[in-house]
Amino acid sequence: MNDTEKKINLFDELSKDYRFREGFHTCINCGTCTAVCPAAEFYKYDPRQIVNIVQTRDNEQIENLLKSDTIWYCGECMSCVTRCPRTNGPGLVIMALRDLSARLGYFTESEKGRQLLPLTHIMTNNILNYGYCVHPKTFKWEEHKESGPVWKWHTEHLEKSLERQGANYMGDGPGVLRKIPQESLDELKAIFDVTGGTERIKDVENYSAEKAKELGISLEEYEKQAFEFCSDKHFNH
Amino acid sequence: MISQGKQKIWSDYQKEIPDDHWYYVRSCIRQNFFPASEKMFTEITKKVLHKDLYETPHHTTCGGIAYHCDTIPQETAMTIVARQFALMTEAGYENYVPSCITSFGNYAEILETWHEFPELEAKIREDLWKACRREFNKPKYLAHSSDLIFHWRNEIAAKAKHHLVNKETGEPLKIVEHIGCHYAKMFPHKGVGGAEYPYVLAGMIDSWGGQVIDYPERRHCCGYGFRQYHVKANRSYSISNTWKKFESMEPYHPDAIITNCPGCPYFLDRWQYVIAEQTGKTYGENGFGIPVLTYEELAGLVLGYNPWDLGLQLHQVAVEPLLDKIGIEYDPKAKYVGLNQEDLLRPELPSSLKCF
Numbered sequence: 001m002n003d004t005e006k007k008i009n010l011f012d013e014l015s016k017d018y019r020f021r022e023g024f025h026t027c028i029n030c031g032t033c034t035a036v037c038p039a040a041e042f043y044k045y046d047p048r049q050i051v052n053i054v055q056t057r058d059n060e061q062i063e064n065l066l067k068s069d070t071i072w073y074c075g076e077c078m079s080c081v082t083r084c085p086r087t088n089g090p091g092l093v094i095m096a097l098r099d100l101s102a103r104l105g106y107f108t109e110s111e112k113g114r115q116l117l118p119l120t121h122i123m124t125n126n127i128l129n130y131g132y133c134v135h136p137k138t139f140k141w142e143e144h145k146e147s148g149p150v151w152k153w154h155t156e157h158l159e160k161s162l163e164r165q166g167a168n169y170m171g172d173g174p175g176v177l178r179k180i181p182q183e184s185l186d187e188l189k190a191i192f193d194v195t196g197g198t199e200r201i202k203d204v205e206n207y208s209a210e211k212a213k214e215l216g217i218s219l220e221e222y223e224k225q226a227f228e229f230c231s232d233k234h235f236n237h
Numbered sequence: 238m239i240s241q242g243k244q245k246i247w248s249d250y251q252k253e254i255p256d257d258h259w260y261y262v263r264s265c266i267r268q269n270f271f272p273a274s275e276k277m278f279t280e281i282t283k284k285v286l287h288k289d290l291y292e293t294p295h296h297t298t299c300g301g302i303a304y305h306c307d308t309i310p311q312e313t314a315m316t317i318v319a320r321q322f323a324l325m326t327e328a329g330y331e332n333y334v335p336s337c338i339t340s341f342g343n344y345a346e347i348l349e350t351w352h353e354f355p356e357l358e359a360k361i362r363e364d365l366w367k368a369c370r371r372e373f374n375k376p377k378y379l380a381h382s383s384d385l386i387f388h389w390r391n392e393i394a395a396k397a398k399h400h401l402v403n404k405e406t407g408e409p410l411k412i413v414e415h416i417g418c419h420y421a422k423m424f425p426h427k428g429v430g431g432a433e434y435p436y437v438l439a440g441m442i443d444s445w446g447g448q449v450i451d452y453p454e455r456r457h458c459c460g461y462g463f464r465q466y467h468v469k470a471n472r473s474y475s476i477s478n479t480w481k482k483f484e485s486m487e488p489y490h491p492d493a494i495i496t497n498c499p500g501c502p503y504f505l506d507r508w509q510y511v512i513a514e515q516t517g518k519t520y521g522e523n524g525f526g527i528p529v530l531t532y533e534e535l536a537g538l539v540l541g542y543n544p545w546d547l548g549l550q551l552h553q554v555a556v557e558p559l560l561d562k563i564g565i566e567y568d569p570k571a572k573y574v575g576l577n578q579e580d581l582l583r584p585e586l587p588s589s590l591k592c593f
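These protein sequences, in sequence, are chains C and A. At the far end of the first sequence sits residue 237, using the working numbering, and the numbering has no gaps. At the far end of the second sequence sits residue 593, using the working numbering, and the numbering has no gaps.
Everything labelled a hint here was simulated from the structure, so no lab data went into it. Don't take each hint at face value.
Claimed, not checked - Derived pair list, reagent style DSSO-like, types lysine-lysine, alpha-carbon separation capped at 30 Å: (1) A:LYS360 to C:LYS202; (2) A:LYS481 to C:LYS44; (3) C:LYS233 to A:LYS469; (4) C:LYS152 to A:LYS518; (5) C:LYS189 to A:LYS360; (6) A:LYS360 to A:LYS404.
As the list claims (entries may be wrong) - Covered, in the sense of this in silico footprint (three residues per stretch, anywhere, with C-beta under 8 Å from a C-beta of chain C), are these stretches of chain A: (7) 262-268; (8) 271-279; (9) 458-466; (10) 545-558; (11) 568-575.
Ideal Cβ placement from N, Cα and C applies to all residues, glycine included.
Generate the whole structure from the sequences, applying the supplied hints.
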C-alpha cells in the first residue's frame with residue numbers, strides 16, 4: 001500500500017462529487033467520446049482512456065491522472081455527453097477530477113494544472129469585484145490582441161463607444177454592463193464564504209505558493225509562466 | 238409512414254415556450270462584446286412585440302464561466318444560481334430567460350441535478366439562507382433568449398422590412414447557423430429540436446427568407462473551451478477548432494453566420510481576423526471574411542434597424558458585404574461615431590482581412 005492509499009481513497013473521493021455520480025456509470029471503451037472530442041483532435045488526449053483509468057479504481061493510476069496535464073486538456077464542451085451510448089459524461093468526470101486535483105493540490109504538478117492560479121484570479125476577482133465573469137476593466141486588448149484593432153479602438157473610447165451601443169456602463173439601475181450594487185456584491189462574497197468558494201481561492205493560492213517556492217521562483221513569476229508558457233509536448237501534431 | 242415517423246420524432250423535440258411575462262438575466266460575455274444585442278433583445282421584446290420582460294439591477298453573473306474554468310466549487314455555482322432564482326421569485330415571475338448559452342446550460346444542469354439529488358437542493362437552500370437570507374422557487378419555464386426570438390420569429394417576419402434574400406439575384410442568402418454546445422448537447426430536451434435536430438436558429442433563417450447551409454462540422458465546438466481561451470498559453474486550441482469549422486464550411490460559400498452562444502460570435506469573428514493575419518487566408522468574397530451575427534442583430538436587420546444601432550461596428554469582420562447583398566442602406570461615415578455624431582476616430586485596418 002502506497003502513501004496515498006493510506007491517506008485517502010481517491011475513487012471514493014470522486015464518488016462524493018455529484019458530477020461524477022451523474023457522469024460515471026459503466027464505460028464499454030467504445031471510444032465514441034474520443035471520436036467526437038475537439039480536445040482529442042488537438043491535444044494528446046483521450047477521454048476514453050481517462051474514464052477507463054478511473055474505472056480501474058486503482059489509486060496510484062488515479063493519483064497520476066490528478067497530477068497530469070491530461071485532465072486539463074478538456075474544453076468542457078460536453079459533446080461527449082450527447083454521444084456516449086452508456087449515458088456516461090466523460091466531461092463531467094473531468095470536472096470532478098479537476099475539482100479533486102484542486103482540493104488536494106495535485107494541480108501544481110503539471111504545466112496545464114498550474115494555470116489554475118491565474119484562472120482563479122481572473123474569474124473570482126471579476127465576480128467578487130464587479131459581479132461579472134468578464135468585465136471591461138480587466139479584459140485588456142494588450143492581453144487579447146486577437147480581439148483585433150476594432151477592440152483596441154473600442155477600449156480606447158470605451159465609455160463613449162458603450163454609450164453609443166445603448167449600454168448603461170457602470171451606471172445605476174438595469175441595463176448592459178450596469179454597476180452591480182454593492183449589497184449584491186456583498187451577497188456574492190457571503191456565498192463564496194459559506195459554500196467553499198473563498199476556501200478554494202486560498203487553497204489554490206497556498207498550493208501554488210508552495211510549488212513556486214519548490215521551483216525557486218517568485219509567486220508572481222510562477223503565475224506569469226503559468227499564464228503564458230506552453231511547451232510543445234501537448235500537441236497531437 | 239416515413240413522414241409520419243418523422244413528425245412523431247419531431248414532436249418529441251418540441252419545447253413549450255410561454256408567450257409572455259419573462260424574467261431576464263444578462264450574459265457576461267455578450268454585455269462586453271455585443272452590448273447592443275442585449276439592448277436589441279429588450280427593444281424587440283418590449284417595444285416591437287409589447288411583451289412583459291423584467292430585469293433587476295441586482296442580478297449578477299451566474300458564475301457559469303468560472304465554473305467551467307474549474308475555479309469555483311459546484312456548491313458555490315449552485316448557490317449563486319439559487320440567489321438568481323430568489324430574485325426572480327421576489328419579483329413575482331416564474332418564466333426565466335437567460336441571455337447566455339453557458340448560463341442556460343448551467344441552469345439546466347443545476348435544475349436536473351437537484352431533481353436527481355433532492356438532498357443537494359436542500360443543502361443549497363440552507364447555504365443561500367445562511368449567506369443571503371433569501372428563499373426561492375424554481376422557474377416553471379426555462380428558455381434561452383434565442384428560444385423567445387424563435388417563438389416570435391413569424392411575428393418578426395410579419396413586421397419585416399428586409400428579408401434574407403440577395404436583392405440582385407432574388408436567391409435566398411446562404412446562412413450557416415451555430416447553436417453553441419451547451420444549448421442542447423448536455424440536456425437535449427431543453428433545446429428546440431434537441432441535440433439531433435436543433436431548429437432554434439434554423440427556424441429564424443427559414444422564417445426570414447434565408448437558406449440554411451449544412452456542412453460537415455456544423456455541430457463542432459466554436460473553440461471557446463473556457464480555460465482553453467482565457468489562459469493565453471492555450472489559445473491555439475481555440476483558433477484551431479474555429480479554423481476546422483471554417484475549412485469545413487468554405488466550399489458552401491455562406492453569406493453569413495448566425496450564432497446562439499455568447500462566445501461563439503466572438504470566436505468565429507475574431508479568429509477569422511487572426512487566421513487572415515497569420516496565413517493570408519480569408520473565407521468571404523474578395524478578401525472579406527464571412528460576417529458573423531447574433532440572432533438579435535439578424536432580427537434587427539430584418540426589422541429595419543440602423544446597422545450601427547445594432548452594434549455591427551464592433552465586429553472585426555466587415556458586415557457591409559452582407560448589408561449590400563440584402564439591400565440595407567447605411568451611412569459609412571456614421572459607423573464609428575459616438576452619440577450626437579461625436580468623432581471617435583477609426584480603428585486601424587488589418588493588413589490582410591479586408592475591412593472598412
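Hint-by-hint comparison with the structure:
1. A:LYS360 to C:LYS202: Cα-Cα ~23 Å, so holds.
2. A:LYS481 to C:LYS44: Holds. LYS481 (chain A) to LYS44 (chain C) sits at ~17 Å (cutoff 30 Å).
3. C:LYS233 to A:LYS469: holds, 17 Å
4. C:LYS152 to A:LYS518: holds, 22 Å
5. C:LYS189 to A:LYS360: Within the cut-off at roughly 18 Å; holds.
6. A:LYS360 to A:LYS404: Answer violated: LYS360 (chain A) to LYS404 (chain A) is near 59 Å, above 30 Å.
7. 262-268: holds (count 4)
8. 271-279: It holds, with 4 qualifying residues against the three required.
9. 458-466: holds (count 7)
10. 545-558: holds (count 7)
11. 568-575: The restraint on the segment 568-575 of chain A holds, since 3 of its residues have a Cβ under 8 Å from chain C and three suffice.
Against the hints set out earlier in the document, a violation occurs for number 6 only.
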